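Trainee: Residue-level listing of the chains:
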Amino acid sequence: MTAMPAVALTPQTFKSDVKPVWCPGCGDYTVLSAITKALAKLELAPESVALVSGIGCSSRIPAYTTCYGFHGVHGRALPAATGLKVARPDLTVIAAGGDGDGYSIGGNHFLHACRRNVDLTYIVMDNRVYGMTKGQPSPTTEPDWDSKLTPEGTGLREFHPLVIALASGANFIARTFSGDPNGTADLIVQAIRNPGFSFIEVLSPCVTFRPEQRGWKQLVRPSPVEPTDDPGRAARRLMTDDGFNLGVLYKGTRKPYQPAKAPSAKPADLEREFVL
Amino acid sequence: MSPVRTPRKASRRAAAKRAPRAAHAAANAKLEAFMKQAYAMELEAAERYAEFADQMDIANNREVAQLFRKLAGIEGKHAAQILEQMGWKQAPLGVQPFRWEGLEGVETGEHLEMHYLMKPFHALSIALKNEDRAARFFAHVARQDLPKAVREAAAEMAEEEREHVRWVKEWIARVPQPGADWDRDPDPPNVND
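Protein sequences, first through last, are from chains Z and Y.
Each step along the first sequence adds one to the number in our numbering, with nothing skipped, and position 242 is 242.
Each step along the second sequence adds one to the number in our numbering, with nothing skipped, and position 115 is 391.
Please keep in mind that the hints were generated in silico from the structure rather than gathered at the bench.
Model, not experiment: these values are computed from the prediction.
One thing to keep in mind: the hints can contain errors.
To be verified - Below, computed lysine to any residue pairings styled on SDA-like, alpha-carbon distance capped at 20 Å:
{"hint": "1", "chain 1": "Z", "residue 1": "Lys-134", "chain 2": "Z", "residue 2": "His-112"}
{"hint": "2", "chain 1": "Z", "residue 1": "Lys-41", "chain 2": "Y", "residue 2": "Ile-334"}
{"hint": "3", "chain 1": "Z", "residue 1": "Lys-41", "chain 2": "Y", "residue 2": "Arg-375"}
{"hint": "4", "chain 1": "Y", "residue 1": "Lys-365", "chain 2": "Z", "residue 2": "Pro-224"}
{"hint": "5", "chain 1": "Z", "residue 1": "Lys-217", "chain 2": "Y", "residue 2": "Ala-335"}
{"hint": "6", "chain 1": "Z", "residue 1": "Lys-19", "chain 2": "Y", "residue 2": "Arg-375"}
{"hint": "7", "chain 1": "Y", "residue 1": "Lys-312", "chain 2": "Z", "residue 2": "Lys-134"}
{"hint": "8", "chain 1": "Y", "residue 1": "Lys-365", "chain 2": "Z", "residue 2": "Gln-12"}
{"hint": "9", "chain 1": "Z", "residue 1": "Lys-41", "chain 2": "Y", "residue 2": "Lys-346"}
{"hint": "10", "chain 1": "Z", "residue 1": "Lys-217", "chain 2": "Y", "residue 2": "Glu-377"}
{"hint": "11", "chain 1": "Z", "residue 1": "Lys-134", "chain 2": "Y", "residue 2": "Ile-334"}
{"hint": "12", "chain 1": "Z", "residue 1": "Lys-148", "chain 2": "Y", "residue 2": "Lys-365"}
{"hint": "13", "chain 1": "Y", "residue 1": "Lys-346", "chain 2": "Z", "residue 2": "Lys-134"}
{"hint": "14", "chain 1": "Y", "residue 1": "Lys-395", "chain 2": "Y", "residue 2": "Arg-345"}
{"hint": "15", "chain 1": "Y", "residue 1": "Lys-445", "chain 2": "Y", "residue 2": "Gly-455"}
{"hint": "16", "chain 1": "Z", "residue 1": "Lys-251", "chain 2": "Z", "residue 2": "Lys-217"}
{"hint": "17", "chain 1": "Z", "residue 1": "Lys-41", "chain 2": "Z", "residue 2": "Lys-217"}
{"hint": "18", "chain 1": "Y", "residue 1": "Lys-312", "chain 2": "Z", "residue 2": "Thr-10"}
{"hint": "19", "chain 1": "Z", "residue 1": "Lys-19", "chain 2": "Y", "residue 2": "Ile-334"}
{"hint": "20", "chain 1": "Z", "residue 1": "Lys-134", "chain 2": "Z", "residue 2": "Arg-116"}
{"hint": "21", "chain 1": "Y", "residue 1": "Lys-405", "chain 2": "Z", "residue 2": "Arg-214"}
{"hint": "22", "chain 1": "Y", "residue 1": "Lys-395", "chain 2": "Y", "residue 2": "Ala-456"}
{"hint": "23", "chain 1": "Z", "residue 1": "Lys-19", "chain 2": "Y", "residue 2": "Tyr-392"}
{"hint": "24", "chain 1": "Z", "residue 1": "Lys-41", "chain 2": "Y", "residue 2": "Val-371"}
{"hint": "25", "chain 1": "Z", "residue 1": "Lys-19", "chain 2": "Y", "residue 2": "Lys-346"}
{"hint": "26", "chain 1": "Y", "residue 1": "Lys-424", "chain 2": "Y", "residue 2": "Ile-334"}
{"hint": "27", "chain 1": "Y", "residue 1": "Lys-312", "chain 2": "Y", "residue 2": "Ala-355"}
{"hint": "28", "chain 1": "Y", "residue 1": "Lys-405", "chain 2": "Z", "residue 2": "Pro-224"}
{"hint": "29", "chain 1": "Z", "residue 1": "Lys-41", "chain 2": "Y", "residue 2": "Lys-395"}
{"hint": "30", "chain 1": "Z", "residue 1": "Lys-134", "chain 2": "Y", "residue 2": "Arg-338"}
{"hint": "31", "chain 1": "Z", "residue 1": "Lys-148", "chain 2": "Y", "residue 2": "Lys-405"}
{"hint": "32", "chain 1": "Y", "residue 1": "Lys-306", "chain 2": "Y", "residue 2": "Arg-419"}
{"hint": "33", "chain 1": "Y", "residue 1": "Lys-346", "chain 2": "Y", "residue 2": "His-398"}
{"hint": "34", "chain 1": "Z", "residue 1": "Lys-19", "chain 2": "Y", "residue 2": "Ala-341"}
{"hint": "35", "chain 1": "Z", "residue 1": "Lys-134", "chain 2": "Y", "residue 2": "Ala-335"}
So here's chain Y without its partners, still in its complex pose:
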């Protein structure tokens, strides 16, 4: 998950325009729909990481809050890049987050995975799962019976997500592994004596 996506040779819109004239309108519409989905994914991921950061701030877990804030920033940049690539001056209307492979979105971690004592390792493990799921999602789209421009865009995004997976793995290797008692709290919040 490098802070910016790898630059492309041409914009998505230009790629769609290269399609034969008869198929151009349909291909372009499908590409736009796909890019809207991708935008919704990235935006939801950014918002979710920001929510996680807020949770950690409230729990005074500053280190992990900062990390989630960073992840939110990265996903927000990805969303902004999609706008730029598509030549959209503002966020497209009617963008709806969606579920994939379960109850969550493609690139969003679950609130239930939060713990007030969690470590950077745990936060990065959530990011790793998200990136891996995103890579599988785009690879799945790339295999569908869709216009070439969509399949190419999806394949390219799948490769980017795989690169993010590699990058997060490297990041995880640099942070301390949590001990077995990472969630031990001598004064836990559920004491009711």
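Bound-form chain Z, shown alone:
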């Protein structure tokens, strides 16, 4: 968060000319809008922010902003984002993607990104389904979700990303709902400002394959308790919560990991390595 713009920034500043191709009604539209609002509020110049993603509907998001973007390999948003932040600590790095990309294909990277606690923000748009590939269950899909592809459901217990994030060492854990655009923007602001690895789960309905998720609007509520910096207390809260409490659920004080900057190699040094 170093570059200060010479002119006032608005959310529009951060929207590219590329129009999103998500299904009308998709929660990801709001997340895009919230990211642009948050960046404007933080007065970050677009060139001081990098948005890194993997694969999936929500991973298209970097193209829709004017920030630096990297639409990477499936499940690999976090390694790329981590490498970028370590190499360029002056950049504000945001990784974004979906539940399949982040918790299944990229599940192992998720654990270790939390553990490393590099100063970046990870936004997961969780719709509990693989939407882009036409509706397969994801790690967060309910065990009894009945679909053509999984008659009577998978019977598999769902993944609890916030609990896993806490256990693995994430320094900021929050949940929001895409139907709350300004609340989501505020949480993104807080997540970016908080040093270390910040994780935001966004309940982002897939209106095409999970139309019943429109009903999340009636289920979400502000968390009845204040954020805590006590991991034990946070663990009890997260283990007993029904997945619809919104807000900052844990805010730790762990120092972010940032390795000492290695001296840059000169071209001549590199050339010497290739001398036969």
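Put chain Y on the given structure of chain Z with help from the hints.
Mentor: Positioned in the frame of chain Z, the structure of chain Y alone reads:
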């Protein structure tokens, strides 16, 4: 929601200046804060309708896209009029959209209400809800313990929003009512056979 707001006898700034000298500074500050809120509302509404229009364009629902584009233009004009009334040469800094009566802003429709096959009737129904909520918001402000200039401005805006409600209702009456099977798609996007 007529394309332009009804003209006022005097600008908001002039109204604040008529207040007694001792209360002038405080009243003016509160009026400015209120007008910033109103500006944020109108701007957010314009941006949201533009987003809806983009969604409909992508879904090749041109008719509804055009309608949302029109609504975005109208709300954008309202925002510009606030700048003019306040004598602001450019958009005020520190304007933040806010929630009211739920998770959304005062005058913004929800993304979740979008459907790729929606009809003008549905789009106008969203606009009607927004205008009605805005009228209630301004009426609520007008009832608060605030400087007279703010209450008057809020009451005036509430009346304008009520006029918009009437106007949208007339518009709805002119568009075809969607049939029971308006969202029927013989080749829906969620087919996974």
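Trainee: Hint by hint, note whether the structure agrees.
Mentor: Going down the list of hints, with the structure as the test:
1. Lys-134(Z) to His-112(Z): violated, 29 Å
2. Lys-41(Z) to Ile-334(Y): Given pair Lys-41(Z), Ile-334(Y) is violated - Cα atoms ~29 Å apart, limit 20 Å.
3. Lys-41(Z) to Arg-375(Y): At roughly 16 Å apart (the allowed maximum being 20 Å), Arg-375(Y) and Lys-41(Z) satisfy the hint.
4. Lys-365(Y) to Pro-224(Z): Violated - the C-alpha atoms of Pro-224(Z) and Lys-365(Y) are around 43 Å apart, more than 20 Å.
5. Lys-217(Z) to Ala-335(Y): violated, 24 Å
6. Lys-19(Z) to Arg-375(Y): Status violated; Cα separation ~26 Å.
7. Lys-312(Y) to Lys-134(Z): Measuring from Cα to Cα gives roughly 44 Å; hence the hint is violated.
8. Lys-365(Y) to Gln-12(Z): holds, 19 Å
9. Lys-41(Z) to Lys-346(Y): Not satisfied, since the Cα-Cα distance of roughly 28 Å exceeds 20 Å.
10. Lys-217(Z) to Glu-377(Y): Satisfied, since the Cα-Cα distance of roughly 13 Å is no more than 20 Å.
11. Lys-134(Z) to Ile-334(Y): holds, 19 Å
12. Lys-148(Z) to Lys-365(Y): Since the Cα atoms of Lys-148(Z) and Lys-365(Y) sit roughly 58 Å apart, the hinted pair is violated (cutoff 20 Å).
13. Lys-346(Y) to Lys-134(Z): With Cα atoms ~34 Å apart, Lys-346(Y) and Lys-134(Z) exceed 20 Å; violated.
14. Lys-395(Y) to Arg-345(Y): holds, 14 Å
15. Lys-445(Y) to Gly-455(Y): Distance ~19 Å between Lys-445(Y) and Gly-455(Y) Cα, so the pair holds.
16. Lys-251(Z) to Lys-217(Z): It is violated: about 25 Å lies between the C-alpha atoms, which goes past 20 Å.
17. Lys-41(Z) to Lys-217(Z): violated, 26 Å
18. Lys-312(Y) to Thr-10(Z): It holds: about 15 Å lies between the C-alpha atoms, which stays within 20 Å.
19. Lys-19(Z) to Ile-334(Y): holds, 8 Å
20. Lys-134(Z) to Arg-116(Z): violated, 34 Å
21. Lys-405(Y) to Arg-214(Z): Given pair Lys-405(Y), Arg-214(Z) holds - Cα atoms ~18 Å apart, limit 20 Å.
22. Lys-395(Y) to Ala-456(Y): holds, 12 Å
23. Lys-19(Z) to Tyr-392(Y): holds, 15 Å
24. Lys-41(Z) to Val-371(Y): Status holds; Cα separation ~9 Å.
25. Lys-19(Z) to Lys-346(Y): holds, 18 Å
26. Lys-424(Y) to Ile-334(Y): Distance ~47 Å between Lys-424(Y) and Ile-334(Y) Cα, so the pair is violated.
27. Lys-312(Y) to Ala-355(Y): holds, 10 Å
28. Lys-405(Y) to Pro-224(Z): violated, 29 Å
29. Lys-41(Z) to Lys-395(Y): Given that 20 Å is the threshold and the Cα spacing comes to 35 Å, the pair is violated.
30. Lys-134(Z) to Arg-338(Y): violated, 25 Å
31. Lys-148(Z) to Lys-405(Y): violated, 37 Å
32. Lys-306(Y) to Arg-419(Y): holds, 15 Å
33. Lys-346(Y) to His-398(Y): This hinted pair holds, its Cα atoms lying about 15 Å apart.
34. Lys-19(Z) to Ala-341(Y): Answer holds: Lys-19(Z) to Ala-341(Y) is near 13 Å, not above 20 Å.
35. Lys-134(Z) to Ala-335(Y): holds, 17 Å
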